[in-house]
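**Student:** As a plain string of letters, each chain reads:
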Amino acid sequence: EAGVVQSPRYKIIEKKQPVAFWCNPISGHNTLYWYRQNLGQGPELLIRYENEEAVDDSQLPKDRFSAERLKGVDSTLKIQPAELGDSAVYLCASSSRVRQSTDTQYFGPGTRLTVL
Amino acid sequence: LAKTTQPISMDSYEGQEVNITCSHNNIATNDYITWYQQFPSQGPRFIIQGYKTKVTNEVASLFIPADRKSSTLSLPRVSLSDTAVYYCLVARGKIIFGKGTRLHILP
Numbered sequence: 001e002a003g004v005v006q007s008p009r010y011k012i013i014e015k016k017q018p019v020a021f022w023c024n025p026i027s028g029h030n031t032l033y034w035y036r037q038n039l040g041q042g043p044e045l046l047i048r049y050e051n052e053e054a055v056d057d058s059q060l061p062k063d064r065f066s067a068e069r070l071k072g073v074d075s076t077l078k079i080q081p082a083e084l085g086d087s088a089v090y091l092c093a094s095s096s097r098v099r100q101s102t103d104t105q106y107f108g109p110g111t112r113l114t115v116l
Numbered sequence: 117l118a119k120t121t122q123p124i125s126m127d128s129y130e131g132q133e134v135n136i137t138c139s140h141n142n143i144a145t146n147d148y149i150t151w152y153q154q155f156p157s158q159g160p161r162f163i164i165q166g167y168k169t170k171v172t173n174e175v176a177s178l179f180i181p182a183d184r185k186s187s188t189l190s191l192p193r194v195s196l197s198d199t200a201v202y203y204c205l206v207a208r209g210k211i212i213f214g215k216g217t218r219l220h221i222l223p
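Chains P and L, in that order, give the protein sequences. Start counting the first sequence at 1; every next residue gets the next number (this note's numbering). Start counting the second sequence at 117; every next residue gets the next number (this note's numbering).
Chain P extracted, bound-state conformation:
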C-alpha cells in the first residue's frame, strides 16, 4: 500500500514569492492534516480536513496561507506571499479517523521550504 505522497520534497524561494505544496493521502483515508514543523520543534497543526471540509483551521495564518482539498482526496497548501519565518518542513498526514481518541495518523516525508 502506498503511503502519503508529498511534493516537492524541497523548495527554495525568495521572500514575497508564492509557493504551493501538494499532498496525496493514503487511499480511503477521509481525514487529511497539514502540519508545519520548525527546527527542533514538534509538528504544529495548521489545518485538518474531514473529506472536503476544513473542520479545524484555527492555526492557519489566513492572511497568507490557504488550503484546499478538492473532491476529498488530494490537497494543496499555498503560501502567498512567503516570509522568511515560513521556512520550515510542511508535513501532510492522513487517517481514517473512526474516532478522534484513537486516531492514528500516517505522515508523508514532508516538504522542506527555505525562504531567502
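Note that these hints are calculated values from the structure, not bench results. Here the structure is a predicted model, which is why all the values come from computation and not from measurement. Treat each hint with caution, since some may be false.
[To be verified] Ranges of calculated distance between the beta carbons of each label pair, as one might list FRET restraints: (1) Pro-181/L with Lys-62/P: 34 to 44 Å; (2) Arg-64/P with Gly-214/L: 23 to 33 Å; (3) Asn-51/P with Arg-161/L: 23 to 33 Å; (4) Ser-190/L with Glu-44/P: 39 to 49 Å.
Positions of the beta carbon are idealized from the N, C-alpha and C atoms, including for glycine.
With the hints as your guide, set chain L onto chain P.
**Tutor:** Only chain L this time, still in chain P's reference frame:
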C-alpha cells in the same frame, strides 16, 4: 487541551531497555495515549497506542498506570537505529505534539 510533558532528551546504549515517561495529568476518560517516532528528514511514524494497563506490539510496550496520569514507552534492547525523537500525544480537541524526547543511542 490535553497537555503532555516529556523529558527533552535521553541517552542510552545499544542493547539496553529504554523507558520514556510522559505525563498527562489532565487526561480525560475517553482519551487514548499515542506515541510517534520521528527520524531526521522523515514524518512521524505511529509506534503504539493504549488506554490502560499494558499494550505490546513488535516494536514497543506501553505501560499505563491505573490513574492514567502518565504513561511509559518501553523500547526493548535498543539499537543505533532507534535514535529518534519520540512524541507522546493524548488525542482530544487540539492535536499537540510538543517537543518530544530526543533519544540518542550510543554504541
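**Student:** Work down the list of hints and note, for each, if the structure agrees.
**Tutor:** Right, here's what the structure says about each hint:
1. Pro-181/L with Lys-62/P: 34 to 44 Å: holds (42 Å)
2. Arg-64/P with Gly-214/L: 23 to 33 Å: Holds: the Cβ-Cβ distance is about 26 Å, inside 23 to 33 Å.
3. Asn-51/P with Arg-161/L: 23 to 33 Å: Since the Cβ atoms of Asn-51/P and Arg-161/L sit about 25 Å apart, the hinted range of 23 to 33 Å holds.
4. Ser-190/L with Glu-44/P: 39 to 49 Å: Since Ser-190/L and Glu-44/P have Cβ atoms about 28 Å apart, the given range 39 to 49 Å is violated.
When each numbered hint is compared with the structure, a violation occurs for hint 4 only.
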